[in-house]
Amino acid sequence: MAVTTAPQTGSLRERIAGSLATRVGLFGVLGALLVVVVVAGAGQGAVNIPANEVLGSILHKLGLDIGTLPTHPRGEDALWNVRFPRVVLAALAGAALATAGAVMQGVFGNPLAEPGVIGVANGAALCAAFVIVFDLAFVGNWTIAVAAFIGGLVTTFLVYLMARENGRTEVVTLVLTGIAINAMTSAGLSFMLFMADTTAREEIVFWTLGSLNGARWEQVWVVLPLAAFGIAASILMARQLDLLALGDRAARHVGVDVERLRVRAIVVVAVLTAGAVAFCGVIAFVGLVVPHLIRLIAGPGHRLLIPASALGGAVLLVAADLWARTAIVNADLPIGMLTSLVGGPFFFWLIRRARKTAGGWA
Amino acid sequence: MSGTNGTAALSARGISLSFGSAQILRDVDVDVRAGEVLSLVGPNGAGKSTLLGVLAGDETPDAGVVSLGERSLSALPAKELARERGMLLQKQLLSFGFRVREVVEMGRAPWHRTDRADFDDAVIAESMKRADVTHLAERYFPTLSGGEQARTAFARLLAQETPILMLDEPTAALDIHHQEQVLEVARDAADAGAAVVVVLHDLSLAAAYSDQICVLSRGQVRAVGTPAEVLQPELLSEVYDHPVRVLEHDDQLIVVPVRRTARGGK
Chain A
1 MAVTTAPQTG SLRERIAGSL ATRVGLFGVL GALLVVVVVA GAGQGAVNIP ANEVLGSILH
61 KLGLDIGTLP THPRGEDALW NVRFPRVVLA ALAGAALATA GAVMQGVFGN PLAEPGVIGV
121 ANGAALCAAF VIVFDLAFVG NWTIAVAAFI GGLVTTFLVY LMARENGRTE VVTLVLTGIA
181 INAMTSAGLS FMLFMADTTA REEIVFWTLG SLNGARWEQV WVVLPLAAFG IAASILMARQ
241 LDLLALGDRA ARHVGVDVER LRVRAIVVVA VLTAGAVAFC GVIAFVGLVV PHLIRLIAGP
301 GHRLLIPASA LGGAVLLVAA DLWARTAIVN ADLPIGMLTS LVGGPFFFWL IRRARKTAGG
361 WA
Chain B
1 MSGTNGTAAL SARGISLSFG SAQILRDVDV DVRAGEVLSL VGPNGAGKST LLGVLAGDET
61 PDAGVVSLGE RSLSALPAKE LARERGMLLQ KQLLSFGFRV REVVEMGRAP WHRTDRADFD
121 DAVIAESMKR ADVTHLAERY FPTLSGGEQA RTAFARLLAQ ETPILMLDEP TAALDIHHQE
181 QVLEVARDAA DAGAAVVVVL HDLSLAAAYS DQICVLSRGQ VRAVGTPAEV LQPELLSEVY
241 DHPVRVLEHD DQLIVVPVRR TARGGK
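First to last, the protein sequences are chains A and B.
In terms of UniProt numbering, the first sequence is residues 1 to 362.
In terms of UniProt numbering, the second sequence is residues 1 to 266.
Calculated from the structure, these hints are not laboratory results.
The structure displayed is predicted, hence computed values, not measured ones.
There's no promise every hint is true.
[As the list claims (entries may be wrong)] Among chain B residues calculated to face chain A with C-beta under 10 angstroms, some are:
#1 G57
#2 E80
#3 F98
#4 A153
#5 L157
#6 P243
#7 R245
#8 I254
The beta carbon of each residue, even a glycine, is placed where N, CA and C say it ideally should be.
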């Protein structure tokens, strides 16, 4: 009781300064990392282009006569027609997936919610496969994205309705619901593979493995608005997601229209997931790994978590794609395989850590 | 604070509510007045928490209306409601590891982007002091004890600065010192003009801090009135299905169950 307010204001000022430093530092580091991986990613490949030439080429495109242009005769062409679409698509997909993970964890009030884990990515994949098999193109370039969006939306609502009870989702229920959803969508996907002709089958297989191979600017123009809309909408609901951590009832008591927030958040997650998987296929665990790492560094507040996750996701996926292209000479490994390879052990680590600190999830 | 002392800040008329085949509330009338502490008491399953939920707008009654001043409670959007009433729940939930200060800060959400947001820092500091959690400010909420979590939630409620305060068994997780302290703060709030409604199990506590006590039994109001009017041994013995004595000590009413074994057994 006998606490004066004087030290409070002092610590408050320090706290604000501290959080500002964390904020600037976090975004600074993530931004710098993104530039590094983008330049490195664009430079590596069959035609090697040094970093200074990549930068020079970008600056020239921006109308600045600074730096050297690629010296290789096909350098400029390789950069702008092959590498940049791929790197940009990787960055957008990574940002979208990580943001979707952060929002989903906020809405479910559960640290394990992730589009891949609970089957939303697979639901999107099923609908995309359907479009591929029946060779549908009702909205041109956007067809696969729209189908993936519908699949993602339906599965997210399904999981939400089945796994949520009394304002929170128990981890066990959520994971078990995910298993059930994944079983059903896998069955559907198998059926699509069975129905498909050889070309469609190959397309679906590569799609489910996840790959950025053959990325084109047209695809970037589809994913860009989806990712931008999703990330902006997520940032706008960040404050309310914080309040949702109190549970449905208490969140309503402090003025959150919980039902509306949920529906909006689920639509946003579906948009982001659809944008990410539309052309890159299923890339798991990005939405799990990135928000967790950011929370460890910057705490659980969504106003910082969401934009930082978007940046972090972009960094992670561009780096992962670079690794996928260069790990084995002349082979373009499926990126979904690599993220799962890293994400699986991370999942183990999360479980161990939760058991040590909080007696596990119940 | 809205309204002058004595006027009904929140009034419920003819409230009935069933969950499935179980009727929880039956034709309940109750008024929560500005400047007063109203205690809801009664045995387990009497419908106290459900009634509080109805008064807070969490539950929609099957019949009856709750009005907040001139308006019907169900017509108010969540944000506007949050500026009128705050609630301390029995059980505290928090999905992520926020710090205590951040949790208290959440109570300021209804005032975001209003003139009153200018006072956020001062209100938060004052609320934390009143709930005695200032020393916990930088601690992570999930690492606190049950009582400390309850006090943090109480600080969040105070930070919300609503003219109506609702507390659902606020003393359940608290030691004697903090029990008295929480009710003391609630009492002070009422004296400053707030309408306070609190669910309590401890009838002596209810007697000490309430202006009005409402006894609920099987979803119906059995008695409403001042502690002296309501805390009658016959009524309480019947409602609780256990013999109860009411003693007077230093001008305070003390309610104790009659214990057969305390006299050496039969």
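Practice task
Against the earlier hints, flag every one the structure doesn't satisfy and list their numbers going up.
Solution key: The structure conflicts with hints 6, 7, 8, although it agrees with all the remaining ones.
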